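Peer 1: Residue strings, one per chain:
Number of protein chains: 2
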Amino acid sequence: MIYLDNGATSYPKPPEVSETIMDVTVNYCANPGRAGHFMAARTAQEIFKTRLSVARLFNIENPGRIVFTKNCTESINMALKGVLLPGDHVITTSMEHNSVLRPLHSLKQNGVKVSTVKCDKAGRLSVNDVKKEITPRTRLIVMTAASNVTGTKMPVEETGRLALRNGILFMVDGAQGAGHMDIDVKKQHIDILAAPGHKGLLGPQGTGFLYVREGIYMAPFLDGGTGSRSKDLEQPVDFPEGYEAGTVNSPGIIALGAAVRVISKLGIDVIEEHERRLTEKLQRGLSEIPGIELYGPEDTYEKTAVVAMNIHGIDCEEVADVFNNRYGIAVRAGFHCSGAAHETIGTEKTGCVRLCPSIYTTEKEIEETIAAAAEIAAGR
Amino acid sequence: MIYLDNGATSYPKPPEVSETIMDVTVNYCANPGRAGHFMAARTAQEIFKTRLSVARLFNIENPGRIVFTKNCTESINMALKGVLLPGDHVITTSMEHNSVLRPLHSLKQNGVKVSTVKCDKAGRLSVNDVKKEITPRTRLIVMTAASNVTGTKMPVEETGRLALRNGILFMVDGAQGAGHMDIDVKKQHIDILAAPGHKGLLGPQGTGFLYVREGIYMAPFLDGGTGSRSKDLEQPVDFPEGYEAGTVNSPGIIALGAAVRVISKLGIDVIEEHERRLTEKLQRGLSEIPGIELYGPEDTYEKTAVVAMNIHGIDCEEVADVFNNRYGIAVRAGFHCSGAAHETIGTEKTGCVRLCPSIYTTEKEIEETIAAAAEIAAGR
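Chains A and B, in that order, give the protein sequences.
Under full-length UniProt numbering, the residues of the first sequence are numbered 1 to 380, in order.
Under full-length UniProt numbering, the residues of the second sequence are numbered 1 to 380, in order.
Isolated chain A (complex conformation) (with noise of 0.2 Å):
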């Protein structure tokens, strides 16, 4: 199967994730911070390093202001429902995924007033624009590094910028950014950094993480045991471990570090130009074929490794299944959780068809999909 599903979940692995989750399971997988014994220890420790490891990726001084998750929604509505206050004002932008734009909506119930600035075609935003909606009562701003459906990259560091000087905080939604460009939360004047461990960070699913900067209050999000302050019946807000109730998952956060430590060692900048190469392959390649219309930008130095497409005259869910079952090329079609970002780039009746390589895809593979995209366009 050529994997082409990457912006859902990272396919393959590196190896060291496997034999993490392995190693952790069959030799001491206990419960961190609950007993002092040598297995729950070990937890503990190994989790501690991932904190770390995670925290030098990013750029992010305390790694105790880092909470482990289950996937990036639950980091975002942790950071969106635990710091925004009736009357609180946010911007987001309209190439937001829903996992930031559904907990926005929710959150309209108890009196916070959403802004959308909307997008060019391409899904690029104008952070004059963003400015412009600024008003004495926005809190927050929040957008994703990079859009899910065409890839486009935000002016993270300039709205940071922005942002910082207006005494507004800054959430960026690392969901397509991590892993594939470079997130620094200092110099991008990030407070607030959601992400997934699964995707571009290259970890197992079931994990996740958030970052709040220190200073910044976050209310509660589950109410548990946390291994402290037992007699205590109000949460603890003590970062992490009060943002960590019940049992955490060990094994996958202590993989997660595995795979962090892959990428580190690789490095973002080689990462980040192997996959703008294929993508840039695979999309000259497809905008020679006769039928076949883009979406986002054409630059793919402005953009991760996505690639947006349809083929004029047939259903972008028959695409996507042809090249599944006649090539065994992994895509998805439709909207992609995603509805305003298809409203913003025209493809709100059509939906499209997402290719996203990974830094384990290779050329070879691109001209497969290449090939097989003409077949499909040619309606052979």
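Rather than coming from a laboratory, the hints here were simulated on the basis of the structure.
On a predicted model such as this, the values are computed, not experimentally measured, just so you know.
Take these hints with a grain of salt, some might be off.
What the hints assert, rightly or not - Over the 12 Å line for every Cβ pair with chain B, so calculated as not near, a few chain A residues: (1) Gln-45; (2) Phe-48; (3) Arg-284; (4) Ile-314; (5) Thr-362; (6) Lys-364; (7) Glu-375.
What the hints assert, rightly or not - Listed next, the stretches of chain A that the computed footprint assigns to chain B, with coverage defined by at least 3 CB atoms under 8 Å from CB atoms of chain B: (8) 167-174; (9) 233-243; (10) 250-263.
Unchecked claim - As a list, the in silico DSBU-like pairs of lysine-lysine whose alpha-carbon atoms are at most 35 Å apart: (11) A:Lys-49 to B:Lys-81; (12) B:Lys-81 to A:Lys-108; (13) A:Lys-132 to A:Lys-118; (14) B:Lys-231 to A:Lys-121.
Quick reminder that beta carbons are idealized off the backbone N, C-alpha and C, glycines included.
Given chain A, put chain B in place with the hints provided.
Peer 2: Only chain B this time, still in chain A's reference frame:
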């Protein structure tokens, strides 16, 4: 290491668990319910198989009403916060874990009223005492199947019947019961069941589930992508996908299925009797040692595989340390995220040492543990 911390997380797991995680991770793990390609379809299929296996074990008619979560704490939060409304009255017990008491405490701020029925010194609940607390506003009775501090089994079926007759919802926290004793949602009239995957069910950490009977409305807990109704900003309330926003822990859930099938094959009654015999042996052995005090029911038919104890004159944390450092026996000391339970049994000042055998614990390990306890108590 002699691992007697199974109340926190079970260890070892059946080999099927690590084998399955490995197989899923290495061979086909994609994002279920998002794309139609072979890998995504296979992942979805295998997750559905887990739903079926869990449904069978707990006699749940509609597997679609099982929501997979990251742990029991998330399951409980999802249910309590999604089902209870301002003005509702809830009855719970003094033996609950903080994963029940803390969410209830935070719901008080939303106008939910809570009555806590005091259990006796052994942690036993009188159904009559529950009955006395019922008011016309009582909407839910929530309680654990068995205490995580003393193992005391709660009168689940009797309470279920009481709730049914009074038109009250009945919710069970299966954290210490699932996999250790018979839980049958039909026979016991359980409307909502929360359980972890990584304790008695022998699955991996990062898994849990919530069952909600058909006909009960639950507000969504996490808002985000569901792979369905992508253009809708309102979180879908379709079971299960509306409650499984974001990418699920596929390897974990599929491995949980493998674990549950191991349990079904062994038989809950066989597991329960094995654990009861070990608990009996452990309890009897410890009770004969001068200076050791035991908590909870003497009759091991009244409890799951949890033994709570203290050694006169030695701090419980120190006892646990000696168990670990000198004998390689893993136990858990302290308050076990259950301050109220410790108050009930009279250990609110001292805490206690908890020893939990599992289906994989041997008689020999129990004998060694008793011998170690005798040496510690004798001050040798």
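Peer 1: All hints are to be evaluated individually against the structure, with a verdict given for each.
Peer 2: Taking the hints in turn, this is what the structure says about them:
1. Non-interface call for Gln-45 of chain A relative to chain B: holds, since the shortest CB-CB distance, roughly 15 Å, exceeds 12 Å.
2. Every CB of chain B lies more than 12 Å from the CB of Phe-48 of chain A, the least distance being 16 Å, so the non-interface label holds.
3. With 12 Å as the threshold on Cβ separation, the claim that Arg-284 of chain A sits away from chain B holds: the shortest Cβ distance comes to roughly 24 Å.
4. Listed as outside the interface, Ile-314 of chain A is consistent with that label: its C-beta sits roughly 15 Å from the nearest C-beta of chain B, beyond the 12 Å cut-off.
5. Every C-beta of chain B lies more than 12 Å from that of Thr-362 of chain A, the closest at about 18 Å, which supports listing it as non-interface.
6. With a least CB separation of 19 Å from chain B, Lys-364 of chain A remains clear of the 12 Å interface cut-off, as annotated.
7. For Glu-375 of chain A, the condition that its CB be more than 12 Å from all CB atoms of chain B holds, with the nearest at approximately 18 Å.
8. Beta-carbon proximity to chain B at under 8 Å applies to 0 residues in the stretch 167-174 of chain A; the threshold of 3 is not reached and the given coverage is violated.
9. Coverage of a stretch by a chain is defined here by at least three residues with a beta carbon nearer than 8 Å to that chain's beta carbons; for the stretch 233-243 of chain A and chain B the count is 3, and the condition holds.
10. Only residues whose beta carbon comes within less than 8 Å of a beta carbon in chain B count, and the stretch 250-263 of chain A has 3; three or more means the coverage holds.
11. Between Lys-49 of chain A and Lys-81 of chain B the alpha-carbon distance is near 33 Å, which keeps this suggested pair within the 35 Å criterion.
12. With a C-alpha separation of about 18 Å, the suggested pair Lys-81 of chain B and Lys-108 of chain A falls inside the 35 Å cut-off, and the hint holds.
13. Of the pairs offered as hints, the one joining Lys-132 of chain A and Lys-118 of chain A holds, with about 12 Å between alpha carbons and a cut-off of 35 Å not exceeded.
14. For the hint linking Lys-231 of chain B to Lys-121 of chain A, the alpha-carbon distance of about 18 Å falls within 35 Å, and the restraint holds.
Figure legend: structure checked against the earlier numbered hints; the only hint not met is number 8.
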